[in-house]
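Novice: With the hints as a guide, bring both chains together as one complex.
Protein chains in written order, with the numbering used here: chain U, 1 to 338; chain X, 1 to 275.
Fair warning: there could be bad hints in the mix.
[What the hints assert, rightly or not] Here are a few chain X residues that face chain U, going by a calculated C-beta distance under 8 Å: (1) Q153; (2) G157; (3) Q191; (4) H212; (5) S215; (6) P258; (7) A268.
In case anyone wonders, no lab produced these hints; they're calculated from the structure. Being a predicted model, the structure only gives us computed values, none of them experimental. Glycine included, each C-beta is placed from N, C-alpha and C at the ideal position.
Each chain, letter by letter, is given below.
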Amino acid sequence: MSDRPVLLEVTDLSVGYRTEDGAVVTLVDRVGFTLHEREVLCLVGESGSGKSVTMLAVLGLLPDGLEILGGSVVYRGRDLLDLTPREWSALRGAELAMVFQDPMTALNPVKRVGSQIARAVTAHTPGLGRRAVASRVETLLADVGVPEPAERARSYPHEWSGGMRQRAVIAMAMANGPSVLVADEPTTALDVTIQAQIMRVLADARERTEAAMILITHDLGLVAETADRICIMYAGRVVETGSVWDIFEHPTHPYTAGLLASLLSSEHTGDRVYAIPGQPPSPASRGTGCPFASRCELPAKSELCLTTRPALAPSGSSQSSACHFADATADFAAEVTA
Amino acid sequence: MNDSPAETVLAVDDLQVHFSTRGSRGARRTIRAVDGVSFALRRGETLGLVGESGCGKSTLVRTIFGLNTPVSGSIEVLGHRLAGLSSRRRRAIQNRVQLVFQDPYSSLNPRLTAHDIVAEPLRIAGRYSRGTVASLLDDVGLGADALAKRPAQFSGGQRQRIGIARALALHPDVLVLDEPVSALDVSVQAQVINLLKDLQEKHSLSYLFIAHDLSVVRYLSDRVAVMQKGKLVEVGSKDQVFDAPEHPYTRSLLASIPVADPRRRADAPTQLQES
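Here chain X stands alone, though its shape is the one from the complex (with noise of 0.2 Å):
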C-alpha cells in the first residue's frame, strides 16, 4: 500500500441497484442486484472484489461506470458526487475510472490498428499525438512495431495488454479490472499480474480487481471484499479474510478452491505430508 492512508479516490456508499421483472405469472418482482454496497478504496490500493456469478459484482461495475441508475446511495470519484455533476463535468470526473475487460479477443475493435485503439481515447479527450500513444503502449511492454497490427495479429496477453494501454491513456487514477487473466493462458497469466503490479507502482493507481480465481485475487490485494447477493457479507484484510474468514459464505468459498499442492491431499505418501 502507499505511505500517504489518506486520499479516497473511490467511494461507493449504501449503493442499491434495482431491477424488475415480471414473474411466470405476471407479478412484479424486484431483484436486488446491489443491496446496500458501501467501500472506500483509497490511492494506491487494491480492493479485491469476489463472488458467484449473479451475486451482482457486474451490475455493481456498470453502476459505477454510469450504466445502471441506482435507487439511492452515491457514487464518488477523487471526492465528487457523480450524480450531482453536470454531464460534461461528470464526464471528465469519470475519466478518472477506466475500465479493463475480462475478454481481450472481443472487447477491441478487430478492424483497428493497436494504435488506433489506444489513440481513440485521447482524440476524443483532444489529447492525442503519435508519441502519446507509442509510449503508452511501450508502458505495457509493446514495441512500435506493434503500432500498425490488428488484434488478430497479437496474442491473448498481448491483446490484454493493449486493453490496459488504451485504459491508461487519459491518466486515470482507477482502473477497475474485471477478471482481466481469467480468459488468458495459464504461463501468460502471470506476465499479466507483474505488468499490472509493476504499472501500479509507477503511477500510483489504485485497482478494484474482479476476479473469481482466489489465489490471484489473494496475490494482488491489499483488502478484499466477498460479494452475496447483492451485499458485501464482508470485507478486510487480505489476510484478515483469507486467513480469518468470519462469514460463512466466505469460509465456503476458500475451502472450496483446488490447492495446488498434492502434499495437502488425504491420500499423500506420508513423508510427503511432513516436509
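Just chain U, same shape as in the assembly (with noise of 0.2 Å):
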C-alpha cells in the first residue's frame, strides 16, 4: 500500500479551543498520517480520542469555538489550512467527499432525494443540461443499489429507510468521483444486517472510482475487515499506527494491546475477559507525560511514562508506536490475551 503515492499527509496536526480566562485546551495534539492513493485507512478510537475532530479539520469544517493550534494538511501538494473559503467549495464534494453517522441529520428533510443528489452534482458541475442532471442521479443511486432509482429519486428522506437513507447519502458523496472518501462512523446507527451492506456498497464505490477512504470507526470488527492500515488514536494523540495485519497480530503499544484483549470473540471461553482499568482523561487533565500512563498495567512502565510524552517511533516493520516501552509489549499482549 505504502509503495503508492501519497494523497494526504497530515503533519502535527493539533486543534483546540481557549477558555474564557485564556487557557487552551487541547483536543488533538500533534497528529500526523499519511493516506496513499486508493488505500483504506482507519482512524480508531473511542469517543473523545479526537478522531472526528481531526477529520473535521482536515476538511476545514470545524465548528465555531475550535481552531487550528497549528501542523498542516497536505492534499496533492496544497496545504489545505491555507485555503479560502472559496477554494474549499470547490475542493470538497468534489475531490474530497464525506459520509457521516446519522443518514438523517445529512440529507435534508424537506428536498427530494434526487434533487439534493442532483445538487450535488451541479455545485461542481454546472451547466448541465436538467435530462443529463436527472440521468446522473438515477446511475449514482444505481450504482448504489437503490432500486428504482427513478421513481425513487422523487421521494423524500422520510420515506427511506436508515439503510437506504445511508445509500442516498454515499451517492450523493460519490456524485462528482472523490479522491478520498472521508466516512465518519456510516454504520454505527444502521442494525447489523444493514451495516454489512452498506460497507459493501462503500467498497464498491471505491473501486468504481478508485477513490482512497478514511474510515472512522470505534469497532474493531469494521476495521479488521476493512483497512489496509490503522491509526490508533487517544486522549488526542495517535498512540500506534501500522499496516491491519501487523497491529492485530503483535501491537505494540499496550492501550491497543488492551483493547484487542478486551474485545470478545469466539475464543473466549474464560470467565473473564482483560479490561483495561479506569476512564480515558478529560482533555484538561492530560498532563505532560504519557495520556495512557494511570490506565497502563505494561509491568515495564515507569517515573519515565509520567514525567515524558513518548514520541511516535518505529516499532516494527509497518508500526511506530507512541509508548517508552513499545519493545516490552509483545509480552504484556500475549499475557492479557491468553
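Specialist: See the structure below:
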C-alpha cells in the first residue's frame, strides 16, 4: 500500500479551544498520518479520542470555537489549512467527500432525495442540462443499490429506511468521483445486517471510482475487515499506527494490546475478559507524560511515563508506537490475551 | 449455569401484543409486535435476546414490566401469573424483576446524587438505610466518595454501575439488561461485562440480556433467542445457535457481524491465514 503515491499528508496537526480565562485546551495533539492513493486508512478510537475533530479539521469543517493550533494538511501538494472558503467549496464535495454517521441529519428532510443529489452534481459541474443531471442522479442511485432509482429519487428522506438513506448519502458523496472519501462511523446508526450491506456499497463505490477512504470508527471488527492501515488514537494523540495485519498480530502499544484483549470473540471461553482499568482522561487533565499512563498495566512502566510524553517511533516493519516501552508490549499482549 | 437446573424465575407463554394503527388511507391495521413468544428463564441463567430494531424486543420488555397489555398469553414471575394478581401483590412480584437501561446518560435523574438514585427504590419499599445504599454502590465497584456526586460527575461506565446498583436495590431475582454496554466506550465495556458476571455469581441472578452486539451476547449468555418480526425464530444453547444456526435469519445475522480478525479476510497474506 505504502508504495503508492501519497494523496493526503497530515503532520503535527493540533486543534483546541480557548477557555474564558485564555487557557488553551488541546483536543487533538500533534496528530500525523499519511493516506496513499486507493488506500483504506482507519482512524480508531473511543469517543473523545479526537478522531472526528481531526477529520473535521482536515476537511475545513471545524465548528465555531475550535481552532487549529498548528501543523499542516497537505493534499496533492496543497496545504489545505491555507485555503479560502471559496477554494474549499471547489474542493470539498468534488475531490474530498464525506459520509457521516446519521443519514437523517445529513439529508434535508424537506427536499426530495433526487434533488439533493442533483445539487451535489451541479455544484461542481455547472451548466449540465436537466436531463443529463436527472440521468446522472439515477445512475448514482442505481450504483449504490437503490431499486427503481428514477421513481425513488422523487421521494423524501422520511419515506426511506435508515439503510436506504445512508445509500443516498453515499450516492451524494460519490457524485463527483472524489479521490478521498471520509466516512465517519457510517454504519453505527444501522442494524447489523444493514451495516454489512452499507460496507459492501462503500467498497463497491471505492472500487468503481478508485477513491481512497478514511474510515473513522470505534468498531475493531469493521477495522479488521476493511482497513489497509490503522491509526489508533487515544486522548487526542496517535498512539500506534501500522498495517492492519501487523497491529492485530502484534500490537506495540499497551492501549492497542488492551483493546484487542478486551474484544469478545468466540475464542473467549474464560470467565473474565481483560478490561483496561479506569477511564480515558478528560482533555483538561491529560498532563505532560503519556496520556495512557494512569491506565497502563505494562509491567515495564516507570516514572518516565508520567513525566515525558513518548514520541511516535518505529516499532516494527510497518508500525510506529508512542510508548517508551514498545519493545516490552509483546509479552504484555500475550499475557492479557491468554 | 447453576447446579440446580429446575427453578424457572420468569416464564413467558404464547405472548401476543398487538398495536393498531391507521394506514395512509385510513384503514385500520394490526401490528403484531410480539407474536406468540414463549420462553423460560431459569435461576442463575443468562438468556440472550437478539434481533434488529423493530423486531419487537422492546415491546416484549415493556410488556414484561406491565407497560403494555398483552392481547393473550401469560407472564409468570416465580410461578405467579402476573395478570391474575391484585395490584398490590403484583407490585411485590414485579419487583423481583428489574431493568437496567441502555443509556446511562438519560436514565439517571441529573438532579439527584448517586445516593438518592439508589435510595429511591429502597425508600418506596420502606427498606432504606444509608448503609444499604453504600453497600450497593460498593457492590458495583463505587466507593463512598460516589455517594454525594451527581450523574454529570461520573463517566458513562460509572453511571451504568449506578444504574445497576439501583436495579439491585430490592434484591431482584431477574435483571433485564437492555443493551447495557452499547452506549459505553469500547475500553469500558469489558469492565461492565465483568461486573455483570461477578454480580450474577454472587447473587444467583438470572439475566435476560438484550443486545445487538452478538459477540457480547455469546460471551455472556447460556442460551440465545433470536427474534424477528415479533416471533422467536430460534432458541437454543449459545453454542448451538452460534455454531449450528438453523434458521436462515440467524445465519444472515451471524454472517453480518464483522469479525475482528484480519486473518479471515480473503486478501490476507497467506502466511497469516495459516497461523
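Novice: Just pull the numbers of the violated hints for me, sorted ascending.
Specialist: Hint 1 alone not satisfied by this model.
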